[in-house]
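> Residue numbers (my numbering), protein chains in the order written: chain B, 1 to 1114; chain S, 10001 to 10149.
Think of the hints as simulated: they come from the structure by calculation, not from any bench. Each residue gets a CB set at the ideal place from its N, CA and C atoms; glycine is no exception. Check the hints yourself; a few may be wrong.
What the hints assert, rightly or not - Straight-line Cα separation of at most 25 Å, DMTMM-like style, residue types lysine to aspartate or glutamate; simulated pairs:
1. B:Lys379 <-> B:Asp343
2. B:Lys1029 <-> S:Asp10026
3. S:Lys10029 <-> B:Asp31
4. B:Lys1029 <-> B:Glu1106
5. S:Lys10132 <-> B:Asp194
6. B:Lys332 <-> S:Asp10053
7. B:Lys216 <-> S:Glu10072
8. B:Lys936 <-> B:Asp947
9. S:Lys10028 <-> B:Glu30
10. S:Lys10042 <-> B:Glu395
11. B:Lys258 <-> S:Asp10074
12. B:Lys379 <-> B:Asp314
13. B:Lys799 <-> S:Asp10053
14. S:Lys10028 <-> B:Asp314
15. B:Lys87 <-> S:Asp10138
16. B:Lys613 <-> B:Glu594
17. B:Lys29 <-> S:Asp10101
18. S:Lys10044 <-> B:Asp947
19. S:Lys10127 <-> B:Glu193
20. B:Lys176 <-> S:Asp10138
21. S:Lys10127 <-> B:Asp194
22. B:Lys329 <-> S:Glu10024
23. B:Lys176 <-> S:Glu10072
24. B:Lys118 <-> S:Glu10107
25. B:Lys399 <-> S:Glu10050
26. S:Lys10017 <-> B:Glu32
27. S:Lys10029 <-> S:Asp10091
28. B:Lys48 <-> S:Asp10053
29. S:Lys10059 <-> B:Asp316
30. S:Lys10044 <-> B:Asp353
31. B:Lys29 <-> S:Glu10033
32. B:Lys332 <-> S:Asp10074
To be verified - Pair by pair, the computed Cβ-Cβ distance ranges are:
33. S:Ala10023 <-> B:Ser298: 45 to 55 Å
34. B:Phe77 <-> S:Thr10020: 17 to 27 Å
35. S:Lys10132 <-> B:Ser298: 44 to 54 Å
36. B:Ile803 <-> S:Ser10096: 41 to 51 Å
These are the residues of each chain, in order.
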Amino acid sequence: MALKIVKGSIDRMFDKNLQDLVRGIRNHKEDEAKYISTCIDEIKQELKQDNIAVKANAVCKLTYLQMLGYDVSWAAFNIVEVMSSSKFTYKRIGYLAASQCFHEGTDVIMLTTNQIRKDLSSPNQYDTGVALTGLSCFVTPDLARDLANDIMTLMSHTKPYIRKKAVLIMYKVFLKYPESLRPAFPRLKEKLEDPDPGVQSAAVNVICELARRNPKNYLSLAPLFFKLMTSSTNNWVLIKIIKLFGALTPLEPRLGKKLIEPLTNLIHSTSAMSLLYECVNTVIAVLISLSSGMPNHSASIQLCVQKLRILIEDSDQNLKYLGLLAMSKILKTHPKSVQSHKDLILQCLDDKDESIRLRALDLLYGMVSKKNLMEIVKKLMLHVDKAEGTTYRDELLTKIIDICSQSNYQYITNFEWYISILVELTRLEGTRHGHLIASQMLDVAIRVKAIRAFAVAQMAMLLDNAHLLTGNMQRNGICEVLYAAAWICGEFSEHLEDPNQTLEAMLRPKVATLPGHIQAVYVQNAAKLFATVLRKHEGATDSQAAQETSQLLVERLPLFVQSANLEVQERASCILQLVKYIQKLQQKDVEVAEEVSALFAGELNPVAPKAQKKVPVPEGLDLDAWINEPPSESESEDEKPKAVFAKEETKHSRPRHTEVDEKELARRREARKQEQANNPFYIKSSPSSQKVYQDAPGVEHIPVVQIDLSVPLKVPGMPMSDQYLKLEEERRQKEKAEKKKKEKKKKREKHGKGKKHDSGPESEEDITPAHHVDIVTEEMPENALPSDDDDKDPNDPHKALDIDLDKPLADTEKLPVRTHRSEPLKSPGEDGDVESVPQEPKKRSSKEKKEKKKDKDKDRKVCQLDFSVRRITDSNKNGCYLETKWVVYTHLWAVYDIQGNLQDGSQVVVSVIFENKSDSFLKSMEFNVLDSLNSKLQRPEGAGPHDGLVVPFQLPPGVSNEARFIFSVQSIVMPQKLKGTLTFIVKSEDSSTHEKLDFKLHFTCTSYLITTPCYSDAYAKLLESGDLKSSSLRLEGVNMPFHHLLARICFHHHFSVVERIDSCASMYSRSIQGHHVCLLVKTADQTVSIDAKCDEPSLLGNVLDEIKQTFSQC
Amino acid sequence: MRFMLLFSRQGKLRLQKWYTATAERDKKKMVRELMQVVLARKPKMCSFLEWRDLKIVYKRYASLYFCCAVEEQDNELITLEVIHRFVELLDKYFGSVCELDIIFNFEKAYFILDEFLMGGEIQDTSKKGVLKAIEQADLLQEGVWGGGV
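Just chain S, with the same shape it has in the complex:
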């Protein structure tokens, strides 16, 4: 996977994760371009599109678009599955997640994503494993907060 983006219906970026080094300017350009393309698509259309030399797999959950760029040979359906799994993880963690959760706790959302995917590859295929790791890391964090202040 090359990168993952989360953006709202209004075209506001909510999360971005790049798995290959990309210059800041190119990132912005790609995000803008891609948001336009994806937002222009009608709800009945399929979730895949070919864009530059990449395949874009996206899915809309409520007001949020989850959008992944994968390579030519990658399996589109499994990428959809990855997106879905990520949403499930967010859902479990925040308890029926909504866009605001991600806006206000964007660092948490990143932590979950980092625990689930690393370098664009799936790290752990079990939901439980990911959540357990996050919980424990959070516990550690809470402890530090408590002791530190």
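Next up, chain B with everything else stripped away, as it sits in the complex:
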């Protein structure tokens, strides 16, 4: 042994240590990869040795390589070995490596549980510390569950060094294992008053982080934090506490009132900018939440704005940035106080730092008014011209459009100006936002009727000068604008001065280089223009001109008929045929303009973006119902069976699938080619689409048109938005003057459109729009349903921590404690199956603990009863979703079944059939369930989270009726039980008593499955995809015929048989959230083996458990 150690250390002298490795890498700059691969080989050798020092050195080097981006996951086990070394030096390296390399998917993590537990309880505080630090990086839900109790003990450790770390890591544990929050919280709260400031600040940190996510559960801690805030001098802690208050005040306005004073004091007194900034932010948050209740806080707002101004004026870019950021928060509620600093913010637009300019832009958005919009936009346009980077320029562009279009174009007084701004923006080269400009053009032209004539003129000009926009067609996003231009010109062609010219512009050969969807619009709108032109000519009885126009179309359209884009091709060929036909008619001197115009008659109204979503489903329409019955499974019976579970492949010899030799294959390939050649619908693989093009007949007939290359350097007649600015100013001046005149001569009649108001200094309302603007509102369907659009991210890990912490701890809520060699811990859904507990009403309240024990005794009885009820319901109801559990009471029988809702993966419907077994009248039934984190009863809007639902009927003696309750569930991978109560009034002739019935709803995983048919080929594909995890189950001593067994699985667990071969069957089901569950059931000699696959392993595990239970009961 001693020799071995000596030998090991001699070897070590020749090994590279970390420094050598780093030096080596630095010396091999040219062939780094090669050098490192030799190093990795060396490391692999070192890891094979027994000497732990060598191993640790190797692991240390690996950690370095991991940072450089090399995969070291193969060494995970060695890392665990080094972690479990008894020497601190190596342990430290092991834990460091683990914290850098391990993640939730690392499988060796399971092996570490005991080692970590050992280290946590080590007498050496640094062992414990290093374990805690490591754990904080790679804690998994399993580790969190297994170690939560150990860590909680450490929170009361004698050494503050450990306490502090234990407190901090609890946050990670809560995130991974939310069930631990309630049991651990009281102790965490104690730590807020720990004598050690480090521990105290750690506790503040953790609680603040928790509270920020779910503030309402932490309101009760407010007084304690208030005390801490006024007493603490540690700025780090203060900032956290103040942030916490920022989260709490929206829920408790009274708190806000109390906070304002200490916060303003802090703002005045502190010299720390970070604290000042936090205070200002929180004051803003407080004032926002108070804004409705207490208007009189202008002093505080003023103070904040003042301080922020100082920040913005500071030469430090960081402070400037934050000042602007905070300013934008004030802007939302107190725009007036920010607007007075417009000068400063406009100054920031000239800042060198782009992020500061962007912040300033954000602020401008909220600062515009009717009065200053044009001025601000002008300034922005100047910046657009100056901007060097495309990203910033694009940002400016979107901001200009945002600013102008905000709240339904509220601040635009002159739409001609806006259109010309948009047209000017089209001159930006290389912007990505062509579609944005286009949609604005469309929106304005459609919704502002008065502007159409002007817009059409501008758009015609754009079309005429399209070549200026489309310098580099493919990469240039700006050509999207032409889409809008063409559509506007076509749709509102009656406003065109010279439709003939526009028509000509739209049919130029160069158009064919535009993207397909734009060409399609061109073609379609050329037809609209054609109609207008015809009308015009026929009106003037100029049949010659009309025929010329038709001729133009007949000449130009074939170019589009040849287009590779299907849409363009289809539209072009339709219209070409139409025009040819019209030409024929024209030659016979028939008037056609009326008919052609009729093709495009009628006004298109703007439709609200969500209109379609809001169309209510008509009564009696069931979108889930099959239109035709789904094909029965038997049809696929005679198809050749496919091996669906890979390992079964050899067992199932497939008679038809014979070995195919090379020759046969070649023959088949030949035949297939032949078939494809004869199949007109088969698209042969060709090197490029153009080649196909050339092969097609008729290419020679494409007319070659001369391209006019004389490009004017300036777009003629484009309006300058600046002119409007001047005009607008003049106009306002004039209006003012007129008004004054009017005041003098009051009797003079009002004149001028849109004039609204009387005298006074120039205020917002004073500025009248230049046009009478009628902004058409977007259409909504009749009786549209109001829908709320806030959908929270269901994956947010903090959501699970939304736990009421003020409720007293129940007995059941304990952290799992692992005793020596105990059985594996049960997951929450696995514990004993207590279905429901019939109880004497009124007795429960006092002695809960005793009752619980009694409950267990009752279980057996309950279970027996359960069967009788189940049979009754089975025969009663043919529905296959009978997940029957029940509630019995002398007066009342209740049977329920749980049914998933396929359209909504987060909903299940629980239908409960209540049957009155008594001689009395039952009324005022109220159904209530204690919601869990995962499952919540859906209550009507406005109801509190603990309110019950009124059952909408009464039950006379002997009558039964069904009520449905909708539950929303988040995760469906675990079974769940919800406790609930049903209260009702029993009314007999002379008396009425109020009764209460406790029950439990058992949401099995099965109830989230929905029988879904699946075809064998889709099934095979699913299994081959490799996305599914597998698991298996063995049932002994089942003696029932195989088809009974299958029927039972189908019936109780919502599966469908995909195919069955002798004593072997594959089955399929699908969860409401779209998980696939596949089973392969085989039977031999009373033994049933089920191999199962599913994309969610825990769901699968639970479903299998439930299947097992079903069979254990028979």
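Following the hints, put chain S in place on chain B, whose structure we already have.
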């Protein structure tokens, strides 16, 4: 705090610490992306930027960039303070720290960081406390080295 990165002007990663579980591939992608963004910024620009749904706070010390990703509601200035504090700790420990110190003693740098921050939260606001813990742990380590070999 979601993660902390240290990288050089040349875009070489020197230290990385992730406080939320992230897949290896995503880590690499994020590091690459972020280094590009940060290195492209001019010296006069402010130390904050919005990136994906995070706020990035970075600061350059000599040839090294210290870069932290924090959440929307976090205080940027305090994050800068955290970075500064970490640099001070390194400085105290190594004695006027330079990039090479961190390259060659990267595990030590990690130990200091782990002693200062845990799970993305500040563990100890006092410099002395952190340094004392590191020194004692090192002492323990030296002892083991001496006895072990």
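> The structure should be examined with respect to each hint, and the outcome stated for every one.
Do the hints match the structure? See the list:
1. Only pairs whose Cα atoms come within 25 Å are accepted, and lysine 379 of chain B paired with aspartate 343 of chain B is accepted, the gap being roughly 12 Å.
2. The hinted pair formed by lysine 1029 of chain B and aspartate 10026 of chain S meets the criterion: a straight-line CA distance of about 23 Å does not exceed 25 Å.
3. Simply put, lysine 10029 of chain S and aspartate 31 of chain B have alpha-carbon atoms about 23 Å apart, close enough for the 25 Å limit, and the pair holds.
4. Under the criterion of a C-alpha separation no larger than 25 Å, the hint pairing lysine 1029 of chain B with glutamate 1106 of chain B is consistent with the structure, at around 18 Å.
5. Note on lysine 10132 of chain S and aspartate 194 of chain B: the hinted pairing holds, with a Cα-Cα distance of about 21 Å set against a maximum of 25 Å.
6. For the suggested pair lysine 332 of chain B and aspartate 10053 of chain S, the alpha carbons sit about 21 Å apart, so the restraint of at most 25 Å is met.
7. Proximity of lysine 216 of chain B to glutamate 10072 of chain S is assessed by CA-CA distance (about 20 Å); at most 25 Å being required, the pair is judged to hold.
8. For a cut-off of 25 Å, the pair hint linking lysine 936 of chain B to aspartate 947 of chain B stands: about 12 Å separates their Cα positions.
9. Note on lysine 10028 of chain S and glutamate 30 of chain B: the hinted pairing holds, with a Cα-Cα distance of about 22 Å set against a maximum of 25 Å.
10. Pair hint lysine 10042 of chain S plus glutamate 395 of chain B holds up; C-alpha atoms about 19 Å apart against a cutoff of 25 Å.
11. Simply put, lysine 258 of chain B and aspartate 10074 of chain S have alpha-carbon atoms about 23 Å apart, close enough for the 25 Å limit, and the pair holds.
12. Pair hint lysine 379 of chain B plus aspartate 314 of chain B holds up; C-alpha atoms about 24 Å apart against a cutoff of 25 Å.
13. A threshold of 25 Å between alpha carbons decides the hint, and for lysine 799 of chain B with aspartate 10053 of chain S the separation of about 18 Å falls inside it, so the pair holds.
14. Pair hint lysine 10028 of chain S plus aspartate 314 of chain B does not hold up; C-alpha atoms about 37 Å apart against a cutoff of 25 Å.
15. The hinted pair formed by lysine 87 of chain B and aspartate 10138 of chain S meets the criterion: a straight-line CA distance of about 13 Å does not exceed 25 Å.
16. The suggested pairing of lysine 613 of chain B with glutamate 594 of chain B is violated, with an alpha-carbon distance near 37 Å, which exceeds 25 Å.
17. At roughly 19 Å between alpha-carbon atoms, lysine 29 of chain B and aspartate 10101 of chain S fall within 25 Å of each other, so this suggested pair holds.
18. Between the alpha carbons of lysine 10044 of chain S and aspartate 947 of chain B the distance comes to roughly 58 Å, so the proposed pair goes past 25 Å and is violated.
19. Of the pairs offered as hints, the one joining lysine 10127 of chain S and glutamate 193 of chain B holds, with about 22 Å between alpha carbons and a cut-off of 25 Å not exceeded.
20. Between lysine 176 of chain B and aspartate 10138 of chain S the alpha-carbon distance is near 32 Å, which puts this suggested pair outside the 25 Å criterion.
21. Between lysine 10127 of chain S and aspartate 194 of chain B, the direct Cα distance comes to roughly 20 Å. Compliance with the 25 Å bound is thereby established for this hinted pair.
22. About 37 Å separates the Cα atoms of lysine 329 of chain B and glutamate 10024 of chain S, which puts this hinted pair outside 25 Å; it is violated.
23. Using a Cα cut-off of 25 Å, the hinted pair lysine 176 of chain B and glutamate 10072 of chain S holds, with the two alpha carbons roughly 22 Å apart.
24. Note on lysine 118 of chain B and glutamate 10107 of chain S: the hinted pairing holds, with a Cα-Cα distance of about 24 Å set against a maximum of 25 Å.
25. Taking the CA atoms of lysine 399 of chain B and glutamate 10050 of chain S, the gap is near 17 Å; set against the 25 Å cutoff, the hint holds.
26. A C-alpha spacing of about 24 Å is found between lysine 10017 of chain S and glutamate 32 of chain B, which places the hinted pair at or below 25 Å, so the restraint holds.
27. Our distance criterion of 25 Å between C-alpha atoms is broken by lysine 10029 of chain S and aspartate 10091 of chain S, whose separation comes to about 30 Å.
28. Using a Cα cut-off of 25 Å, the hinted pair lysine 48 of chain B and aspartate 10053 of chain S is violated, with the two alpha carbons roughly 44 Å apart.
29. For the hint linking lysine 10059 of chain S to aspartate 316 of chain B, the alpha-carbon distance of about 13 Å falls within 25 Å, and the restraint holds.
30. The suggested pairing of lysine 10044 of chain S with aspartate 353 of chain B holds, with an alpha-carbon distance near 7 Å, which does not exceed 25 Å.
31. For the hint pairing lysine 29 of chain B with glutamate 10033 of chain S, the CA-to-CA distance comes to about 23 Å; that is within 25 Å, so the pair holds.
32. The suggested pairing of lysine 332 of chain B with aspartate 10074 of chain S holds, with an alpha-carbon distance near 20 Å, which does not exceed 25 Å.
33. With their beta carbons about 51 Å apart, alanine 10023 of chain S and serine 298 of chain B fall inside the hinted range of 45 to 55 Å.
34. Judged by the Cβ atoms, the range 17 to 27 Å given for phenylalanine 77 of chain B and threonine 10020 of chain S holds: they are separated by roughly 25 Å.
35. Lysine 10132 of chain S and serine 298 of chain B have their C-beta atoms about 50 Å apart, which keeps the hinted 44 to 54 Å range intact.
36. For the pair isoleucine 803 of chain B and serine 10096 of chain S, the supplied restraint of 41 to 51 Å holds, since their beta-carbon distance comes to about 48 Å.
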